[in-house]
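Chemist: Given chain A, work out where chain B should sit, using these hints.
Number of protein chains: 2
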Amino acid sequence: MNDNYAKLWLDYKPRNIHQEYKRLTYFCIEGFDRSDIIICNAIKELSFGLRKMLGISLKEIDENDSTPEAYILIRKTNKISEKKSADKLSSNKEILDREEFEISIRGNNLCIEALGSVGILYGVFDFLRTIACDRNIPDTYSKGRKIRPTNPLRMLDHWDNMDGNIERGYSGKSFFYENNEIIINERTYDYARLIASVGINAVVINNVNVKAAASYMITDRYFDKLNKLGEIFAGYGIGLFISLNYASTIEIGGLDSADPLDENVRAWWKEKMAEVFRRIPSLKGFLVKADSEGRPGPFTYGRTQADGANMLADIVKEYGAIIIWRCFVYNCRQDWRDTKTDRARAGYDNFMPMDGDYHDNVILQIKNGPMDFQIREPVSPLLGGLRKTNQMLEVQIAQEYTGQQIDVCYLIPMFKEILGFKTYCGKENDTVADIISGETFGSRFSGIAAVTNTGNDFNWTGNYLAGANLFGFGRLAFENNLDAETIAEEFIRMTISDDDRVVNTIKEILLPSRAIYEKYTCPLGIGWMVTPATHYGCSVDGYEYDRWGTYHRADHLGLGVDRSDKGTGYALQYNEPNSSVYNSKKKCPDELVLFFHHLSYDHVLHSGKTVIQHIYDSHFEGFDEAKEMAAKWETLKGDVSNEIYTNVSERFKRQLLNAREWCDQVNSYFYRKSGIPDKYGRQIW
Amino acid sequence: MNDNYAKLWLDYKPRNIHQEYKRLTYFCIEGFDRSDIIICNAIKELSFGLRKMLGISLKEIDENDSTPEAYILIRKTNKISEKKSADKLSSNKEILDREEFEISIRGNNLCIEALGSVGILYGVFDFLRTIACDRNIPDTYSKGRKIRPTNPLRMLDHWDNMDGNIERGYSGKSFFYENNEIIINERTYDYARLIASVGINAVVINNVNVKAAASYMITDRYFDKLNKLGEIFAGYGIGLFISLNYASTIEIGGLDSADPLDENVRAWWKEKMAEVFRRIPSLKGFLVKADSEGRPGPFTYGRTQADGANMLADIVKEYGAIIIWRCFVYNCRQDWRDTKTDRARAGYDNFMPMDGDYHDNVILQIKNGPMDFQIREPVSPLLGGLRKTNQMLEVQIAQEYTGQQIDVCYLIPMFKEILGFKTYCGKENDTVADIISGETFGSRFSGIAAVTNTGNDFNWTGNYLAGANLFGFGRLAFENNLDAETIAEEFIRMTISDDDRVVNTIKEILLPSRAIYEKYTCPLGIGWMVTPATHYGCSVDGYEYDRWGTYHRADHLGLGVDRSDKGTGYALQYNEPNSSVYNSKKKCPDELVLFFHHLSYDHVLHSGKTVIQHIYDSHFEGFDEAKEMAAKWETLKGDVSNEIYTNVSERFKRQLLNAREWCDQVNSYFYRKSGIPDKYGRQIW
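Residue numbers (our numbering), protein chains in the order written: chain A, 1 to 685; chain B, 1 to 685.
Read the hints as simulated data drawn from the structure, not as lab findings. Check before you lean on any hint, since a few could be wrong.
To give an idea of the chain B side of the interface with chain A (calculated C-beta under 7 Å), a few residues [stated by the list, open to error]:
(1) 541
(2) 545
(3) 555
(4) 556
(5) 665
(6) 672
(7) 673
(8) 675
(9) 682
(10) 685
Here a beta-carbon is modelled for each residue, glycine too, at the ideal position from N, C-alpha and C.
Chain A on its own, in the form it takes in the complex (with noise of 0.2 Å):
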């Protein structure tokens, strides 16, 4: 193990609550191949764990021996047959039969039991983080513990660039990248380890915005390390993506066109295809981001996105790979003028009128928003509006607009409330959750995926807290029943500390966080008053008069954006009722009604304030609860480590310092611009 970096809720300490289980010394295999280098690393893990917790000389059962007073039994199923392309992503289904697992206690023995490798892998996981947090273990396993993950593809989208900068990273370099040269050292088998621990199964490893040496990463000069980091990937059954250069003929094939139907294009694409999967047999497909914010598309030669991605995948498809195409595409130079376009629209609009047009190993990646992961967006009217397309949600743990990880910003309710949200697309099974774990559509392949908050800082995170939101996004993508509170719990106990004391003094940081950043910053779904460019800090006019299509549409009478029927009609874009809902002042709810309305300043929510006064009291009251969070870790000097303890302390006096600048702008701002006062008279500058 390295000292460069924290081992984070790897980093197993010893529990002595579980004594009768240091019976546990033994293990034996049964129905898996010894060599499977999955069933080997999850050996290691399960030894490495009860050794550090119990204490525990983990050995195997050698066919000599008597049979020991406990064992843990790692044991194939014989449930569901396996196909022979199992080795491929094929289908949710089979993904899921995969990884799916059962833990059991049979006596004094502990029975692991998996169809996949991946399973067994996942087993030992859960069965160590039961110890470390605590858990009762006969009471978690005896009745048999069976787990089929949520969600089939759980991914990781990394924006690390190959000089190694990230964009939008908040914790340092990339581990990846280092002057254009790919890394591979014990950080990258540990940061596998992590992911897998959580239940991560895919990984993009470079930036969607592809340029520069990126542009190389399908040519020879970087084939071996990528096809080597494949495979420790593999290891721990994560499958390798790479974010793909939509203008790769153009780039670096030597051709003047990337028409999706020019039969140039895509004999070059053929042959490059058949080099990269030849020497990445590692690699299970590529994340296109196409037609965006600059980036070349189809749309660039008069194709649909449809025709982009699907002469993609047709030509992976005999690699048993997929095309991740991805729905962020908008004007994005919109003229502030002009009333009438409008973002959030932007992706219904263009990926809406042809589904059913995608082809089987293509998945549209959808924000959880419409415009661009504000701390309160509206759902995406296109979960719910797709009805014949292989579906992923994508979310974003770095945190862009909600802190940049000097902040604490739990994300997990947010991401709760996301996958709750009923789209009504049926009857039953309408919910994100249900569409994007494949099972309203039946689709081939589905799933989630995060903008990924890590870099090579000691701490993975930034924050140690930001941890959470990793830690975290990995358990609700395979376990979406579980609760926000639960996973904290999971992520301190195994992490910073399981004192109760603190446990339940960073859980009271931890779950109103989010609900804390929005009153400080967002008030009532408006988003993008932030600083342009960077995304921290205040700037209420920032994006006012841009390009972006980012308003808020203040005057000296009210605020925000008409999406209505009489406005932009975004609202009409969802299944009944919500477009109901939405599309009336009087329904919205209050959290997004200025992100649907423009209302007077004097109009009444919901929750009986005045737009006017709701925007002054949740200003000062986001402050004073950012103020009383650090008040709260202030509490816990010397009963977490002085590395964790000094490390949040001074991004908690960062954040009070952006919490006051929000406070005072935005009230000061709409004090200005209304000359309404504050019904209590607090100060207002």
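Modeler: Positioned in the frame of chain A, the structure of chain B alone reads:
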């Protein structure tokens, strides 16, 4: 001559209207050492110009020849006795004595007389300019034209970094540096020729923010090249100056202090300066930015600015060198909530109390306004405040806040206003021009400096029309009684075309361009409604909630900064009656009224308009007038070189986009805030 860059106003064209002067094919020199490098260069310029314009092959009269019919006599005047120390910067008077020249017609001959060789050089350029501008030679010279420069120091400050970038540079990269090395090539000589031809006699060759390699400029690494550069400059009467890192004792000296009263610090500087002047004898002094925008300075050690400046000045005195100390010292970490602190006050507050303390080879360099080179500011109250201190005016021809050499903005009318400003520091001779000429207070040293607008672009200044500011600054610094129109005409005739229609059309563009830029950007002196960091384009609130002390304080009732006696008291820093005028809402001139007062939108100006209607009118007018300028330029297609036409035309396209954004954003912002409609019902968004 090299074709990698334009020759600008030295690109002499044949002139047919001076036929009778084609007789002047001989010259002779009296009283000057024939090996004097400046005399050599003067003869070279004279020969070159006369050959290009009149087709003359100039020859020196041989002693054995009979006296030719007509010749140019270059003569050392004996009217004033030259002191021995004339090669050192010992006083205004000595500088001006050397630089003064007289041109007269004596029978068939033309006589250029001066005490110093540099006076001859200036005389030669004056004569060539007269021909190039198609002026009548007898009218100009028959009564004798005697010119003594108005400002002893006429300086260009380069903000070139040694990595080749230029801070606030809009004309390409540096032509002084590349990859942290000093470049000396043909362009270096042509640069010296260009600026000497308009009378510049001092150049600071590196950014006032001295960082990175520039901190090592006073080390062996650069000495030889610097001295070579200094010698080239000296050949054209230009003194070499270097920006100094005030913290050199720490950054390169290995000391732990830069305290000006610390004996070790003084000893280090003493030894360092001995080395510097031994290795760079051509060096004339240093420019220092201390205690400013993050730069270290004497305040760090509880010392005064005078302590810092005097410490260095005392040490360099024996080398005849001077210390130019910038007065740009203010709190750049202000809290926007704080309405008492006023950045405008800072220069006066920081420097006035020590008037008389600065030693006589220190010059304080004072920006024209109290803020930072906005398109409209009042004149700094230090000018007319300080009475016992050497002073230099600092202006900026780099168009940082004035259009970045995209938007045309001929700054000479603004500089004329500044120079003509009556400070009331005395009964007469009280204008800024009087003060910086040294006359008002009999200063030992004084003058004017401009942050320059040059770079390695083909045409040196990005936009060809921005060349008028480089040319014009030099001309005005040399002869401050020239008017802006005359200077513009000289520039156009020498640089672009001497066709009368072209000349008049471009004058119609240049002369109102500053007023137009002011109209579509900054109403009534408020300033700072600019995009932070880049300083190009509109962002009304961009600096409003920031730390730079630059606010408009707009609310739904009005805007402006109260700097009267009821506000920050800044207006009281002026001498009477300026103080009373600025202090009064009623008396304050319209163009500065929001700089000094917070006014309601319905306040009626001297113009009879309300504040809000003035905002609307001036922005609509400014945008319309920008369109008119662009249209005028289009009429020149075919009548100016294609290179010049295209260059300026492309910039006008960008200027119109910029002007439209300023117009629409400012109007929309204030309409949305005030709710008061435009009385003419024009489109506001």
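Chemist: Each hint: holds or not?
Modeler: Status of each hint after checking the structure:
Checking residue 541 of chain B against chain A by beta carbon gives a least distance of about 4 Å; that is within 7 Å, so the hint holds. Because the closest C-beta pair between residue 545 of chain B and chain A is about 4 Å apart, less than 7 Å, the hint holds. Given the 7 Å rule on beta carbons, the hint for residue 555 of chain B holds: about 4 Å separates it from the nearest Cβ of chain A. Evaluation of the residue 556 of chain B hint against chain A yields a held restraint, the C-beta minimum of about 4 Å falling below 7 Å.
At about 4 Å, the closest approach between the beta carbon of residue 665 of chain B and any beta carbon in chain A falls short of 7 Å, and the interface hint on this residue holds. Taking 7 Å as the C-beta cut-off, the interface hint given for residue 672 of chain B holds, the closest approach to chain A being about 4 Å. This hint holds: residue 673 of chain B has a C-beta 5 Å from the nearest C-beta of chain A, less than the 7 Å allowed. The beta carbon of residue 675 of chain B is positioned within 7 Å of a beta carbon in chain A (closest approach about 4 Å), and the interface hint is therefore held.
The beta carbon of residue 682 of chain B is not positioned within 7 Å of any beta carbon in chain A (closest approach about 13 Å), and the interface hint is therefore violated. Because the closest C-beta pair between residue 685 of chain B and chain A is about 5 Å apart, less than 7 Å, the hint holds.
Against the hints set out earlier in the document, a violation occurs for number 9 only.
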